[in-house]
Amino acid sequence: MGLLEIAGLAKRFGAVPALVGLDLVVEEGEFLALLGGSGSGKSTLLRLIAGFEAPDAGSILLGGQDLTAMPPHARPLNMMFQSYALFPHLSVGDNVAYGLRREGTPRAERKARVAEALAMVGMQELAGRMPHRLSGGQRQRVALARALVKRPKLLLLDEPLGALDANLRERTGFELRALQRRTGASFIMVTHDQQEALALADRVAVLEQGRLVQAGPPRAVYERPATRFVAGFLGAANVLEGTPDATGGLDCPGLGTTLRAAAPMPAGTTACGLRPERIALGHPPGGANTASGVVEDLAFRGDDSLLLVRAAGGTLLRVSHAEEDGPPPAIGSTVTMGWEAAAVVPLAG
Amino acid sequence: MRRLPLLVPALWLAGFVALPLLVVLVLSIAQPGPGVPPFLLPFAWEGGLVLRPNWEPFGLLVADDYYVSAFLQSLWVAAGTAALCLVLAFPMALGIARAAPRWRAPLLMAVLLPFWTGFLPRVGAWIGLLRDEGWVNGVLRGLGWIDAPLPLLYSDLALFLGMVHAYLTFAVLPLYASLSRLDLTLEEAASDLGATPATVFRTITLPVAAPGALAAFLLVFIPAAGEYVIPELLGPPEALLVGRALWQEFFQNRDWPVAAALAVALLAMLILPIRLFQRLEARR
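Quick mapping for you: the protein sequence lines, in order, are chains A and B.
Counted from 1, the first sequence has number 83 at position 83 by the working numbering; the numbering is strictly sequential.
Counted from 1, the second sequence has number 545 at position 196 by the working numbering; the numbering is strictly sequential.
Same shape as in the complex, but just chain A (with noise of 0.2 Å):
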């Protein structure tokens, strides 16, 4: 049994659906991440998980607790907001002590749980500041003492990281998943950015319209993306379209080549998913899994570059270039390409 189990889950605004009958289970102490668009439904998802909005169907259950109708500050789990919602006429310190003193802590107690989150998040010595008087860095983690003072076993992150410039980002994914490890609650985590996803989740849910369309470790999601969206949204994967022959495979006429996977493709497969760093340039040409086309454009991106490829029947694709490679091929070179079976994944819808 899992923390919390969430069944048939529906809620529309107006005429609008933004969940659609959702089921996801989160286990004890898994950091899980909810990746989707604007409009996939995954911030609705998490206010229904925090009670501000009611569902029009469904349960969610909490170590076996139904929260469906109980309000929100009744719900033994926390959330830290995307803007981090800090009370601007309470300092540091009596903003972490809030929640404390809603369940009537001890005195004595409380100021040794607000020292000990304070301190958690490097913040033990602004506890007499103003909100108006931190920088972001510090309002966030001020924001995430304040929510982990209460111990919850699942604590809800609203895209903890989209505030704060990139190079603090990286390190605070780091404290975000070392906390989780030390607290050992589940944390579930929203946001729209792929590589955050990836960097920091045990879990990766993808929501799309409501749905969710795959769930899974970050490298299996990434490398066998289920569906086109998917494909797209991870990492940006080329999605090759075509019609399946008979031995398996997937004519792309677009492409000049059949594709071929590790396996025969399942029926009505239409569409594959193709990352750009999995195609070799270079690689003689004949047979599936190999194509040519003319450099259109080029993009240096420090590590590699991304080569755009018009194949010779008409397709665009995405190619990495590793620097370690050489000099990538000029703008206007025709080029041959190649890739592995494993580095096709069909794709469903």
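Calculated from the structure, these hints are not laboratory results.
Zero decoy hints are in this set.
Across the chosen pairs, the derived CB separations fall in these ranges:
id, chain 1, residue 1, chain 2, residue 2, range
1, B, G444, A, G184, 40 to 46 Å
2, B, F550, A, S59, 28 to 34 Å
3, B, A459, A, G122, 50 to 56 Å
4, A, E116, B, G444, 38 to 44 Å
5, A, R129, B, Q380, 57 to 63 Å
6, A, G268, B, F550, 56 to 62 Å
7, B, A428, A, E28, 56 to 62 Å
8, A, L298, B, L533, 44 to 50 Å
9, B, P572, A, E116, 49 to 55 Å
10, A, R107, B, A428, 35 to 41 Å
Every residue gets a Cβ at the ideal spot worked out from N, C-alpha and C, and that includes glycine.
Model the placement of chain B on the given structure of chain A, informed by the hints.
Then chain B, alone, in the frame of chain A:
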């Protein structure tokens, strides 16, 4: 050339604020006299500038219980009006701020509309409602609840009804501005941390809106302290407020220096709340 836009407000302030204020200040230390206008200037040119300030009017204000009680009553009426406005305006402003966006403009309009109608007709309407043969007494008598008309008009009740009605808008608008800016996720965060709705209101909504509430209070208190028309038309005859005292000195006793001294004293008393209000606005 870049200072040109500042010239208009500067001239306006000089001509219509600073100069009249100076006139009042000079008047307040002038000698009352029999002529037209009925005072002698506190300075003269007799081969050199000779100052003859007369401090008697200010001495009179402090010494005479009549004026002291007028000030106390004015402060009491202003504070009472401001407090009543605040209590009424808070739920109104909160309701408008939390209404669906398409309802906010019409609801604000409904608050502003009486403010835009003439001031005297509104006071007149209260007279029509509250006098002995008025609508309220008529209805109560028609229902058989009373035999003789209730003395509603020229009472503290009528005074405060008229004052609150006239000044309510001043309280609703700053409160609405403050409450509509209140980030609702603050309340969600509080309830997430275990606060019941009542506790959320007490510990988050009220304190965060407090500067707006103080602004609303002062915005009503400051003009209400000098109000003359409403107490005169609706209030009890024994209600002696600064406005009425000033009127009597000026028009009935023709003692312009005392009238001017009353005005100066009222302004001096309001400087503290005005400064408080300005600091509050600067912080927002």
